[in-house]
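In this text, residue positions in the sequence shown follow the working numbering: the first is 10, and each later residue adds one.
Among the hints, erroneous ones may be present.
Claimed, not checked - Subject to a maximum C-alpha distance of 30 Å in a straight line, what follows is the list of computed DSS-like cross-link-like pairs (lysine-lysine):
| hint | residue 1 | residue 2 |
| --- | --- | --- |
| 1 | Lys52 | Lys78 |
| 2 | Lys21 | Lys104 |
| 3 | Lys52 | Lys21 |
Said to hold, decoys possible - Computed beta-carbon distance windows for the label pairs:
| hint | residue 1 | residue 2 | range |
| --- | --- | --- | --- |
| 4 | Leu116 | Leu86 | 14 to 20 Å |
| 5 | Asn22 | Ser98 | 49 to 55 Å |
| 6 | Leu86 | Ser12 | 36 to 42 Å |
| 7 | Arg124 | Asp54 | 21 to 27 Å |
| 8 | Leu116 | Glu17 | 17 to 23 Å |
| 9 | Arg124 | Glu70 | 43 to 49 Å |
Don't read these hints as lab results, they were simulated from the structure. Quick caveat, the model's predicted, so the values are computed rather than measured. Cβ atoms here follow ideal geometry from the backbone N, Cα and C, with glycine treated the same way.
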Amino acid sequence: MLSPNEEEYIFKNARVPEHIPALMAGISQADLFLAGPFLCLAKDDWLIFVGYPLAGEFSEESFSLALEKAMTLIRPLHTWFIAPEIPASLVPKTKSRESDLYYRLDLRNPQFSNR
């Protein structure tokens with residue numbers, strides 16, 4: 010479970026929709042926690058690892074270390090992760106892969122059409 014300070018940290022550093030605690034907890038009914046700069050969700054025998062770091066840039070090393078920490082803590086039978094890329098060390102262990110598209114909006118300088 011996230012502390013109020015952790016929730017504030019997440020809100021200040023969120024980069025993707027999966028970083029919204031209320032959204033993810035509502036959809037999954039899972040417990041949320043941090044593993045390093047990564048948000049995790051766990052319930053029963055599964056783990057969802059949000060592989061977009063809340064601080065710094067994505068790196069295979071930090072991803073792998075934090076995922077290992079989360080898996081050691083939870084010991085899930087099923088693990089899903091959402092990430093900008095699959096670390097090379099996980100490719101042979103990955104059973105399936107899906108992709109999605111994200112659009113980034115510049116909210117500091119919005120441009121609107123007159124149409």
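> Which numbered conditions among the earlier hints are violated in the structure presented, ordered from lowest to highest?
Replying inline: 2, 4, 5, 6, 7
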